[in-house]
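Engineer: For the sequence shown, our numbering gives the first residue as 0, with consecutive numbering after it.
Take these hints with a grain of salt, some might be off.
[What the hints assert, rightly or not] In silico DSSO-like pairs for lysine-lysine, Cα to Cα no more than 30 Å straight-line:
(1) K428 with K350
(2) K284 with K376
(3) K284 with K226
(4) K291 with K376
(5) K350 with K263
(6) K226 with K255
(7) K274 with K291
(8) K274 with K223
(9) K223 with K266
(10) K266 with K291
(11) K249 with K226
(12) K223 with K291
(13) K284 with K263
(14) K226 with K274
(15) K284 with K255
(16) K350 with K291
(17) K284 with K467
(18) K376 with K274
(19) K291 with K249
Think of the hints as simulated: they come from the structure by calculation, not from any bench. Every value quoted in this text rests on a predicted model; they were computed, and no experiment measured them.
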Amino acid sequence: MADLTIRNLTITPLELKLVERFEGQPSSGRHTPVGNITSKLTGIFNSTSVAPNVRIQGEARDRREVSVPIGRFETRVTDVRTADPGREVIRLTFESEGRRYQVDVPGSSQRSTVMTKLDGAPNEYTAIYVQAGSCLAIFSSANLSSWMRELRDEYPLSALSIPGTHNSPTCHVALPSVRCQAVNVREQLENGVRFFDIRVNVSTDSSELALVHSAFPISLTGNKYFKDMLDVVYSFLDANPSEAVIMSVKREGTGKGTDQQLSKILKDRFYGDGKRWYTEPRIPKIGEVRGKIVLLRRHQNDPSLNSEWGGRGWALDGSVWPDNCEDGLLGSGIARIQDFYEVDQSHNIQKKIEFARMHLERAAEPFCSLPGREGYKENGPVQPFFVNFLSASNFFNANCWPEKIAAKANPAIIEYLCIRHGAAGKGPKGLKVGDGSTGVVVTDWVGQDGDWDLIRCIVGWNARLQLKQ
Numbered sequence: 000m001a002d003l004t005i006r007n008l009t010i011t012p013l014e015l016k017l018v019e020r021f022e023g024q025p026s027s028g029r030h031t032p033v034g035n036i037t038s039k040l041t042g043i044f045n046s047t048s049v050a051p052n053v054r055i056q057g058e059a060r061d062r063r064e065v066s067v068p069i070g071r072f073e074t075r076v077t078d079v080r081t082a083d084p085g086r087e088v089i090r091l092t093f094e095s096e097g098r099r100y101q102v103d104v105p106g107s108s109q110r111s112t113v114m115t116k117l118d119g120a121p122n123e124y125t126a127i128y129v130q131a132g133s134c135l136a137i138f139s140s141a142n143l144s145s146w147m148r149e150l151r152d153e154y155p156l157s158a159l160s161i162p163g164t165h166n167s168p169t170c171h172v173a174l175p176s177v178r179c180q181a182v183n184v185r186e187q188l189e190n191g192v193r194f195f196d197i198r199v200n201v202s203t204d205s206s207e208l209a210l211v212h213s214a215f216p217i218s219l220t221g222n223k224y225f226k227d228m229l230d231v232v233y234s235f236l237d238a239n240p241s242e243a244v245i246m247s248v249k250r251e252g253t254g255k256g257t258d259q260q261l262s263k264i265l266k267d268r269f270y271g272d273g274k275r276w277y278t279e280p281r282i283p284k285i286g287e288v289r290g291k292i293v294l295l296r297r298h299q300n301d302p303s304l305n306s307e308w309g310g311r312g313w314a315l316d317g318s319v320w321p322d323n324c325e326d327g328l329l330g331s332g333i334a335r336i337q338d339f340y341e342v343d344q345s346h347n348i349q350k351k352i353e354f355a356r357m358h359l360e361r362a363a364e365p366f367c368s369l370p371g372r373e374g375y376k377e378n379g380p381v382q383p384f385f386v387n388f389l390s391a392s393n394f395f396n397a398n399c400w401p402e403k404i405a406a407k408a409n410p411a412i413i414e415y416l417c418i419r420h421g422a423a424g425k426g427p428k429g430l431k432v433g434d435g436s437t438g439v440v441v442t443d444w445v446g447q448d449g450d451w452d453l454i455r456c457i458v459g460w461n462a463r464l465q466l467k468q
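Let the hints inform the model, and build the full structure from the sequences given.
Structural biologist: Written as structure tokens, this is what we have:
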């Protein structure tokens with residue numbers, strides 16, 4: 000068996016103090032449709048969300064006191080032999096700031112584990128064990144409903160690690176090729192999602208905007224509308240004023256309306272006085288947009304909007320979107336996009352996964368300076384967004400529908416974020432590491448049966464920014 004690697008991806012030093020080894024017995028757990036698929040995969044696709052869960056049997060058969068210090072954002076290869084899969088459990092006791100925390104590896108759950116606090120320990124840590132890499136990644140447990148409140152106002156939004164969802168409101172009963180999400184928008188918000196990909200149908204005779212995915216309505220039981228979805232987002236932001244949401248809005252569907260008509264409908268009916276929306280064509284700092292929706296428009300504006308904001312136009316401009324790309328520059332220059340989506344055979348999913356890993360590596364490379372720190376320039380250029388779609392599909396191939404893609408892509412990206420992300424030279428291209436951001440990672444089928452491991456991993460990487468605060 001391999002030796003255990005521990006990655007401390009938190010802002011507090013940890014020290015491994017005690018290793019106990021127990022007999023283990025596999026225990027049955029609930030399997031989601033995604034989990035049923037991924038549990039059959041091996042190698043790179045194994046992750047904590049799909050690995051067999053094991054329960055402790057009896058007393059510890061071995062107990063060893065150790066001293067393995069692991070600094071903030073440090074990786075240590077230990078001399079602790081990993082557990083024999085399905086037969087053993089290792090209980091690890093860590094110390095931080097004089098208090099102790101425990102975690103079982105692997106645990107009795109198929110998912111991430113919140114470490115047990117001993118002797119009144121104050122901090123909260125989330126552990127994710129990646130069996131294929133013999134790696135235990137430890138994150139600071141984020142309050143997912145308000146994770147942005149931990150970050151300074153001065154950071155540009157593009158410096159953050161932001162979880163997103165693709166075709167975000169498509170959680171309803173629909174064609175398998177249309178449905179992309181397991182849970183509704185409110186539940187996504189409560190669990191940390193802050194980028195929403197919205198597609199609307201535009202008619203020539205109505206300002207009602209039905210939510211669609213390509214040519215299809217998102218629900219077989221009746222149309223769902225943009226306004227109702229916005230009310231959900233507004234309610235969440237009212238309850239969590241520290242948060243900001245980026246919303247990409249695009250025209251799709253069979254309606255005869257134009258991009259220009261859509262821009263007028265949105266401005267006249269929905270965007271109001273700007274208290275709810277940020278519409279300046281500039282990447283904002285976090286402090287400028289708390290409690291607001293940041294508009295990223297994937298549509299052309301009506302000419303009447305060109306004079307807005309002193310003639311600079313209206314909203315973040317995503318109207319010239321690079322198509323089916325590995326690393327495309329948005330026409331306005333505000334973002335670099337990975338949106339390779341034409342997966343025509345199930346084995347091509349691996350190509351998609353590799354593109355996603357490479358974009359994560361690019362996102363981790365830039366540095367962002369704060370006021371008062373070396374390299375900071377008032378009104379200097381801001382790093383672009385790195386937008387990384389994990390989604391892909393093929394309408395004519397059931398093996399390439401969104402749920403099937405997610406079954407392979409999501410566990411693979413969890414593994415990358417736990418084992419290789421933010422480690423110099425460990426990415427596909429061997430790039431250097433700056434702030435270790437993930438960029439905006441746009442996902443399908445998160446939250447299925449309560450599994451938010453991928454979102455937790457993305458949010459967890461924001462702790463790297465806190466080292467500089």
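Engineer: So, for every hint listed, does it hold in this structure?
Structural biologist: Do the hints match the structure? See the list:
Pair hint K428 plus K350 holds up; C-alpha atoms about 15 Å apart against a cutoff of 30 Å. Restraint check for K284 and K376: the C-alpha separation of about 14 Å stays at or below 30 Å, so the hint holds. Using a Cα cut-off of 30 Å, the hinted pair K284 and K226 holds, with the two alpha carbons roughly 27 Å apart. For the hint linking K291 to K376, the alpha-carbon distance of about 26 Å falls within 30 Å, and the restraint holds.
For the hint pairing K350 with K263, the CA-to-CA distance comes to about 39 Å; that exceeds 30 Å, so the pair is violated. Proximity of K226 to K255 is assessed by CA-CA distance (about 20 Å); at most 30 Å being required, the pair is judged to hold. With a C-alpha separation of about 7 Å, the suggested pairing of K274 with K291 holds against the 30 Å cut-off. For the hint pairing K274 with K223, the CA-to-CA distance comes to about 25 Å; that is within 30 Å, so the pair holds.
As the CA atoms of K223 and K266 are separated by approximately 20 Å, the hinted pair is consistent with the 30 Å bound. Using a Cα cut-off of 30 Å, the hinted pair K266 and K291 holds, with the two alpha carbons roughly 15 Å apart. Using a Cα cut-off of 30 Å, the hinted pair K249 and K226 holds, with the two alpha carbons roughly 15 Å apart. The straight-line distance between the Cα atoms of K223 and K291 is roughly 23 Å, inside the 30 Å bound, and the hint therefore holds.
With a C-alpha separation of about 27 Å, the suggested pair K284 and K263 falls inside the 30 Å cut-off, and the hint holds. Distance restraint check for K226 and K274: the Cα-Cα separation of roughly 16 Å lies within the 30 Å cut-off, and the hinted pair is therefore satisfied. With a C-alpha separation of about 37 Å, the suggested pairing of K284 with K255 is violated against the 30 Å cut-off. Distance restraint check for K350 and K291: the Cα-Cα separation of roughly 36 Å exceeds the 30 Å cut-off, and the hinted pair is therefore not satisfied.
Taking the CA atoms of K284 and K467, the gap is near 16 Å; set against the 30 Å cutoff, the hint holds. Proposed proximity of K376 and K274 is supported: the alpha carbons are some 28 Å apart, at most 30 Å. The straight-line distance between the Cα atoms of K291 and K249 is roughly 19 Å, inside the 30 Å bound, and the hint therefore holds.
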